[in-house]
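Novice: Okay, here's what each chain looks like letter by letter:
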Amino acid sequence: MSSATETMKKEKPAGKETAKAPQGRVKPQTSISGSVAVMEALIAEGVTDFFGYPGGAIMPIYDALYDYMDTLNHILVRHEQGGIHAAQGYARTSGKVGVVFATSGPGATNLVTGLADAQIDSTPLVCITGQVFAHLLGTDAFQETDVINITTPVTKWNFQVTEASEIPTALAKAFYIAKTGRPGPVLIDITKNAQVQKFDYKGYTPCNHVRSYRPKPIVRKEYIQAAAELINKAEKPFVLLGQGVILGKAEKEFKTFIEKAGIPAAWTVLGLSALETDHPLNVGMLGMHGNYGPNVLTNECDVLIAVGMRFDDRVTGRLDKYAKQAKVIHLDIDPAEIDKNVQTTVPVWGDCKETLPMLTALVEKKEHPEWLNKFRKMQVEEEDVVITDELHPKGEIMSMGEVLNILNELTKGDAVIVTDVGQHQMVSCRYAKFNKTRSNVTSGGLGTMGFALPAAIGAKFGAKDRQVVAIIGDGGFQMTLQELGTIMQFDVNVKIIILNNQFLGMVRQWQQLFHDKRYSFVNITSPDFVMVAKGYGIAGKSISKREDLKSALQEMLNHKGSYLLEVMVGKENNVFPMVPQGCGVAEIRLK
Amino acid sequence: MCFAVVGGIKIKISNQVIKAMKHEFTITVYTENHIGLLNRIAIIFSRRKINIESLNTSPSEVEGIHRFTIVINEVEDVVKKLVRQIEKQVEVLKAYYNSNDEIVWQELALYKVSTDKVITDVKVERLLRQYGARAVVIRKDYTVFETSGHREEIDKLTEVLGPLGLIEFVRSARVAIINASNGFYEKLKEFEEEKPGDEIVENEFLDKQDEVFSM
Ligand SMILES: Cc1ncc(C[n+]2csc(CCOP(=O)(O)OP(=O)(O)O)c2C)c(N)n1
Ligand SMILES: [Mg+2]
Numbered sequence: 001m002s003s004a005t006e007t008m009k010k011e012k013p014a015g016k017e018t019a020k021a022p023q024g025r026v027k028p029q030t031s032i033s034g035s036v037a038v039m040e041a042l043i044a045e046g047v048t049d050f051f052g053y054p055g056g057a058i059m060p061i062y063d064a065l066y067d068y069m070d071t072l073n074h075i076l077v078r079h080e081q082g083g084i085h086a087a088q089g090y091a092r093t094s095g096k097v098g099v100v101f102a103t104s105g106p107g108a109t110n111l112v113t114g115l116a117d118a119q120i121d122s123t124p125l126v127c128i129t130g131q132v133f134a135h136l137l138g139t140d141a142f143q144e145t146d147v148i149n150i151t152t153p154v155t156k157w158n159f160q161v162t163e164a165s166e167i168p169t170a171l172a173k174a175f176y177i178a179k180t181g182r183p184g185p186v187l188i189d190i191t192k193n194a195q196v197q198k199f200d201y202k203g204y205t206p207c208n209h210v211r212s213y214r215p216k217p218i219v220r221k222e223y224i225q226a227a228a229e230l231i232n233k234a235e236k237p238f239v240l241l242g243q244g245v246i247l248g249k250a251e252k253e254f255k256t257f258i259e260k261a262g263i264p265a266a267w268t269v270l271g272l273s274a275l276e277t278d279h280p281l282n283v284g285m286l287g288m289h290g291n292y293g294p295n296v297l298t299n300e301c302d303v304l305i306a307v308g309m310r311f312d313d314r315v316t317g318r319l320d321k322y323a324k325q326a327k328v329i330h331l332d333i334d335p336a337e338i339d340k341n342v343q344t345t346v347p348v349w350g351d352c353k354e355t356l357p358m359l360t361a362l363v364e365k366k367e368h369p370e371w372l373n374k375f376r377k378m379q380v381e382e383e384d385v386v387i388t389d390e391l392h393p394k395g396e397i398m399s400m401g402e403v404l405n406i407l408n409e410l411t412k413g414d415a416v417i418v419t420d421v422g423q424h425q426m427v428s429c430r431y432a433k434f435n436k437t438r439s440n441v442t443s444g445g446l447g448t449m450g451f452a453l454p455a456a457i458g459a460k461f462g463a464k465d466r467q468v469v470a471i472i473g474d475g476g477f478q479m480t481l482q483e484l485g486t487i488m489q490f491d492v493n494v495k496i497i498i499l500n501n502q503f504l505g506m507v508r509q510w511q512q513l514f515h516d517k518r519y520s521f522v523n524i525t526s527p528d529f530v531m532v533a534k535g536y537g538i539a540g541k542s543i544s545k546r547e548d549l550k551s552a553l554q555e556m557l558n559h560k561g562s563y564l565l566e567v568m569v570g571k572e573n574n575v576f577p578m579v580p581q582g583c584g585v586a587e588i589r590l591k
Numbered sequence: 001m002c003f004a005v006v007g008g009i010k011i012k013i014s015n016q017v018i019k020a021m022k023h024e025f026t027i028t029v030y031t032e033n034h035i036g037l038l039n040r041i042a043i044i045f046s047r048r049k050i051n052i053e054s055l056n057t058s059p060s061e062v063e064g065i066h067r068f069t070i071v072i073n074e075v076e077d078v079v080k081k082l083v084r085q086i087e088k089q090v091e092v093l094k095a096y097y098n099s100n101d102e103i104v105w106q107e108l109a110l111y112k113v114s115t116d117k118v119i120t121d122v123k124v125e126r127l128l129r130q131y132g133a134r135a136v137v138i139r140k141d142y143t144v145f146e147t148s149g150h151r152e153e154i155d156k157l158t159e160v161l162g163p164l165g166l167i168e169f170v171r172s173a174r175v176a177i178i179n180a181s182n183g184f185y186e187k188l189k190e191f192e193e194e195k196p197g198d199e200i201v202e203n204e205f206l207d208k209q210d211e212v213f214s215m
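These protein sequence lines are chains A and B, in that order.
FYI, in the working numbering the residues of the first sequence are 1 to 591.
FYI, in the working numbering the residues of the second sequence are 1 to 215.
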């Protein structure tokens with residue numbers, strides 16, 4: 001805390017303070033500008049690090065920030081998309097709300113991809129955009145766009161502020177809505193006149209209730225009972241672990257539940273790291289490139305217990321061939337998710353932090369050794385056909401899997417793994433080892449190429465004492481590589497691994513398997529990545545031989561500060577297993 | 001079980017088939033009165049390429065609470081999911097859906113007819129009387145009639161008036177009262193008292209406990 005705030009504290013009349021939040025440096029009852037009110041709100045909400053890019057319509061806010069630089073750490077990105085992905089990465093590792101600033105018009109439209117990503121992956125964000133003067137709204141003024149309407153489908157809530165006095169309440173509401181219930185992105189658009197206008201500041205009161213908004217429902221005991229009954233009678237119960245467990249900070253509750261009921265659990269891509277990889281009941285990953293056992297046995301279990309996941313089509317494959325034999329228990333905080341894709345037998349609508357312990361109390365202590373063994377057997381099969389070759393390839397050419405394998409060996413599973421989108425993402429999700437929750441940052445629902453590099457920057461600020469490793473494809477890296485500039489300027493210690501297969505690999509894989517190998521525009525050329533990094537003052541190396549792999553990874557991890565390692569891998573390797581589009585999960589192909 | 005008449009033959013239809021058929025549903029939404037909410041609600045339909053047949057916004061029985069009445073043609077399962085998506089919006093308090101037999105509903109129509117025609121053509125006058133139309137404005141050159149009722153009645157009158165010199169026609173959105181509703185006062189109290197919702201997720205299996213829970 002700065003000395004200015006300290007002094008403020010001393011000056012506060014004792015016992016008169018009602019607001020619970022820490023107040024900034026402005027005393028209530030003083031006249032301040034809307035922009036200063038924004039700063040005060042950020043401090044009161046406990047914001048420390050955030051991201052942004054200035055411009056005409058947000059200049060008063062940046063001007064106010066000038067006086068708050070000692071308390072608020074603003075990171076200047078190179079593109080607003082990078083800013084919002086960084087805020088996402090920050091939210092994912094820290095569990096706090098990510099914050100990003102952007103100017104009107106192009107600044108705001110550059111946020112849209114990140115908003116869509118955060119909306120579909122339930123990431124809590126507060127985005128503040130500048131807007132033209134209120135009297136110019138609708139006149140096609142310079143850098144005016146209808147940001148509210150553009151962002152409506154991709155925000156949990158948005159609001160335009162045209163009066164300075166609305167700022168404290170609007171921001172309090174924004175933070176509250178972003179982080180409660182099913183989290184999501186919120187955008188506040190502030191017209192320039194509201195930023196400069198002065199008003200009588202009443203202090204900042206955090207929001208804890210919005211009349212029309214119910215973040216969570218009352219838990220229905222009878223449903224918990226019905227669920228427990230099903231679980232207790234089940235012979236082949238199976239748990240699906242989704243990001244809801246992480247968002248609900250219910251990792252412990254989850255583990256206690258599966259351990260008592262002895263139920264094998266598989267995670268979705270966004271559920272990764274909510275349970276340690278090595279947990280005896282962790283049977284791997286669901287979905288299109290998930291593990292063999294969890295996919296096949298989805299269609300054999302008798303009770304399917306989905307916790308904080310939404311039956312995305314990449315998880316379910318063809319719905320009419322999905323778990324038809326099973327009774328489905330669905331635990332979710334969002335009532336709109338229940339029965340959306342898969343018809344539920346027992347809906348347990350509520351916050352899993354509350355519902356899981358209630359369920360644990362009612363389930364019998366059990367083990368299902370034979371059932372669990374089935375998963376293990378299929379794992380062995382998968383190892384024989386896919387995994388061993390991927391992790392220890394016989395040929396000269398390196399595979400993505402072996403990079404992950406050595407990385408696991410060196411990090412022991414303690415690193416935060418940030419991935420982009422494509423083959424390298426699926427390989428990383430399949431093979432990266434996790435000991436700790438909030439260690440996996442990836443764009444799941446939207447599959448946004450270009451996500452990883454900026455998200456890794458945010459992830460590092462959200463988990464400053466952890467090693468952050470970004471694993472990126474040669475294609476995706478070229479989508480947001482300008483954020484190397486941010487890494488350079490702010491000395492962000494992230495390690496970047498480019499798994500270079502000289503292709504838009506995932507698309508190439510589909511073209512090979514489903515389009516007769518007609519490689520249409522997947523052959524992408526790359527610059528000398530190490531040289532590019534050098535241009536930004538970032539150390540790096542490129543390797544193409546197995547004998548260099550371990551030492552290069554070690555060098556990267558040991559390096560003080562950021563580092564870029566390019567690993568040349570097989571050009572036409574495929575990710576398997578795979579549930580081809582339009583197939584049921586049990587039709588998963590091992591090769 | 002239900003019956004339908006197809007080509008003069010009465011046939012049996014199972015409930016399953018009925019469920020899979022598109023019907024007219026009226027969705028009633030209680031909301032805060034906020035700018036932008038209309039768009040938020042409208043895109044829930046357009047995103048899924050569902051046409052809104054009629055949309056009305058008005059104050060409700062409760063001061064400060066707005067009421068949307070939306071009519072669509074869809075299968076019930078889709079309507080149920082749409083309603084949940086609507087209710088998920090931060091500024092929506094509650095959304096309901098009803099089939100036509102669960103509501104009292106009306107639409108209003110205005111017809112502009114040449115006054116000469118009305119005076120000279122007895123047919124026009126008879127028609128207007130038959131449909132219970134009421135003159136709103138009478139001028140030398142034209143007369144505006146108003147009628148209210150169900151869509152079919154209004155459409156019928158429009159159809160017959162058409163060839164008889166209908167100059168202008170407009171029909172309003174549907175407004176509807178839910179038969180089983182006791183109004184929104186009690187529900188609003190729950191919201192204001194910061195109570196979490198105690199709504200039940202409707203579930204077909206929980207009514208059939210014995211079948212489902214014995215395995
Ligand atoms: C913004 C964006 N554009 C296009 C795609 C479609 N897409 C998915 S994976 C992929 C290829 C990615 O190539 P690369 O980054 O080299 O990763 P690889 O699959 O080779 O590991 C593409 C083009 C996408 N997901 N996101
Ligand atoms: Mg590639």
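Treat the hints as calculated values from the structure; they're not laboratory data.
Be aware that one or more of the hints could be misleading.
What the hints assert, rightly or not - Every beta carbon over 10 Å from chain B, so not counted as near; a handful from chain A, in silico:
hint : residue
1    : G55
2    : Y66
3    : V112
4    : E144
5    : N149
6    : R211
7    : S212
8    : A336
9    : L362
10   : G447
11   : S520
Said to hold, decoys possible - Among the chain A residues that face chain B by a calculated CB cut under 7 Å, a handful are:
hint : residue
12   : T152
13   : W157
14   : W371
All C-beta atoms, glycine included, are put in the ideal place defined by N, C-alpha and C.
Novice: Indicate, hint by hint, whether the structure satisfies it.
Specialist: Here's how the hints hold up against the structure:
1. At roughly 23 Å from the closest C-beta of chain B, the C-beta of G55/A stays outside 10 Å, upholding its exclusion from the interface.
2. The claim that Y66/A lies off the interface holds: its Cβ sits roughly 32 Å from the closest Cβ of chain B, which is beyond the 10 Å cut-off.
3. Distance check on V112/A: its Cβ is at least 15 Å (rounded) from any Cβ of chain B, clearing the 10 Å threshold; non-interface status holds.
4. Look at E144/A: its CB is around 17 Å from the nearest CB on chain B, clear of 10 Å, so calling it non-interface holds up.
5. With a least CB separation of 6 Å from chain B, N149/A falls inside the 10 Å interface cut-off, contrary to its annotation.
6. Its closest Cβ contact with chain B, about 5 Å, brings R211/A to no more than 10 Å, contrary to its assignment away from the interface.
7. Not every CB of chain B is more than 10 Å from the CB of S212/A (nearest about 5 Å), against its label as outside the interface.
8. The claim that A336/A lies off the interface is violated: its Cβ sits roughly 4 Å from the closest Cβ of chain B, which falls inside the 10 Å cut-off.
9. Distance check on L362/A: its Cβ is at least 13 Å (rounded) from any Cβ of chain B, clearing the 10 Å threshold; non-interface status holds.
10. Non-interface status of G447/A relative to chain B is upheld: no Cβ of that chain comes within 10 Å, the nearest being about 19 Å off.
11. Once the 10 Å rule is applied to beta carbons, S520/A is consistent with being away from chain B; the minimum gap is 29 Å.
12. Residue-level restraint check for T152/A holds (minimum Cβ-Cβ distance to chain B is 6 Å; threshold 7 Å).
13. At its closest, the beta carbon of W157/A sits 4 Å from a beta carbon of chain B; the interface hint therefore holds under the 7 Å criterion.
14. For W371/A, the shortest C-beta to C-beta distance to chain B is roughly 15 Å, which exceeds 7 Å, and the interface hint is violated.
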